[in-house]
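A.B. asks: Take a look at the letters that make up each chain.
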Amino acid sequence: MRFLLFASRNQKEILRDPLNLAFGIGFPLVVLLLLSTIQANIPVSLFEIEKLAPGIAVFGLSFISLFSGTLIAKDRSSSLMMRLFASPLTASDFILGYALPLFPMAIMQSVVCFIVSFFLGLPMNVNVMLALLVLVPTALLFIGIGLLAGSIFTDKQVGGICGALLTNLSAWLSGTWFDVNLVGGSFKTIAYLLPFVHAVNAGKAAIAGDYELIFPDLWWVIGYALGILIIAIFVFKKKMNKDAV
Amino acid sequence: MIAIQTIRLTKQYKDKIAVDALDLSIDQGELFALLGVNGAGKTTTIKMLSCLTTPTSGDAVLLGDSILSNPKAVKEKINLSPQETAVADNLTVKENLELIAGIYGCDKKTAQRNAAEMISAFDLAEVANMKVKTASGGMQRRLSIAMALISDPQILFLDEPTLGLDVSARRELWSVIKKLKGKITIILTTHYMEEAEKLSDRIGIMAKGRMKAVGTSAELISRTKTNTFEDAFIVLTSEAEVSK
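Just so you know, the protein sequences line up as chains A and B, in that order. Just so we're aligned, residue 326 is where the first sequence starts under the numbering used here, counting upward by one. Just so we're aligned, residue 229 is where the second sequence starts under the numbering used here, counting upward by one.
Isolated chain A (complex conformation):
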């Protein structure tokens, strides 16, 4: 169970960085509160909490990629990794050690998002629990993206790619800020080819109790999550051997 020790170290490294908490939980909540305030002051229903909450939850999860990617990239460039590569830790220990602590963090992030949403008028019912479950593949997707980015890029590059590009992509192309159908054209086509809008739609369907609408969208997310995780594990193992040289 060496991976558990390594996972515990990784969890501490992430949670003890105040910037991670600020961005991972604080920033999505600020956006949630801001958009809810806008909604309260306009006559049209633009940011209804039932639709906004799953979107913000997905947006918040995108920061998981930034946390894990940065940690892995930093580790790769440090002598600590050389020490760990020379230890009895195996490739599986490394992958599980990096991925496992992120999962409870992702769940906790979504839970906090929904708790704040309750205060903003989200109905407290079993559908919220279902939405949490529906977000699991999305969490895995972002964990996989973090593992992949951290294996390929430097920590500075991860900051740019996961911190700026990915969070913006997952926000703009997810239908959180606006309905992508209203934009239409290539924008809509691209959005629907990517997993983010499907993740938000699945979450919205869960919250609304439209159970039959969950899975068409969730399959997209599950497919992407599995694909990215498989690629990430392959790349991580390959880079592990190369970095050790």
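Calculated from the structure, these hints are not laboratory results. Each residue gets a CB set at the ideal place from its N, CA and C atoms; glycine is no exception. One should not assume that every hint holds.
Stated by the list, open to error - Which chain B residues face chain A? A few, computed with CB under 8 angstroms, are given here:
#, residue
1, L280
2, K303
3, E304
4, P310
5, A316
Stated by the list, open to error - For lysine-lysine, the following BS3-like pairs were computed, each having C-alpha atoms within a straight-line distance of at most 30 angstroms:
#, chain 1, residue 1, chain 2, residue 2
6, B, K361, A, K564
7, B, K337, A, K564
8, A, K399, B, K242
9, A, K337, B, K337
Mind docking chain B on chain A? Use the hints.
C.D. replies: Just chain B now, kept in the frame of chain A:
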């Protein structure tokens, strides 16, 4: 008993041979210093022996296990302190030690006990519960070496362990290393001649990936007909021919 035996151990990167057919035998409990100018092949040798990089050809047997056929068994017996301080920044000194102890198979209680012993042996008590990134460079270096020892390795690789330390910290570390002599097999790389002379049983001098000479400092001085070990080193590293 032989602890480390290399058999024509070679590492080649594209057109550069980093280590060239290294044949070396190190006894159990011996402290062997590996010297050479930058790029001589010292760190590559350590990386191959610690299973961090695969040799292009040749092999090495560490306490009966081959680095090629049984790296898992080799990794259980060794530990290393890399050239740069290798610590987890956001963990405390104590947590860093317990992490490594656990990775090498200690249960929680043993890890805690061993960590306490290392904290005491390396005079780290005042920073034990502090995050490592807040400790001084000297403290971090001491911790890095303590982390290499906490697994109670049979073979220890110390890659330039005193690099960047001030004189008193270096002396302190020397006394720790001296205490380990005879108990575990140590390969130490260094650029400090004095360090090699004072600490090692034998010294190997590498240049351009090849082992130029092996012996005690006195033997190497005598062999090169020089007055000091530093002079002997200069002569040996500038010689074109291999002299053993």
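A.B. asks: Run every hint past the structure and note whether it holds.
C.D. replies: Against the structure, the hints come out as follows:
no.	hint	result
1	L280	holds, 5 angstroms
2	K303	holds, 5 angstroms
3	E304	holds, 6 angstroms
4	P310	holds, 4 angstroms
5	A316	holds, 6 angstroms
6	B:K361 / A:K564	holds, 27 angstroms
7	B:K337 / A:K564	violated, 35 angstroms
8	A:K399 / B:K242	holds, 27 angstroms
9	A:K337 / B:K337	holds, 20 angstroms
Violation of the numbered hints given earlier is confined to hint 7; every other hint is satisfied by the structure.
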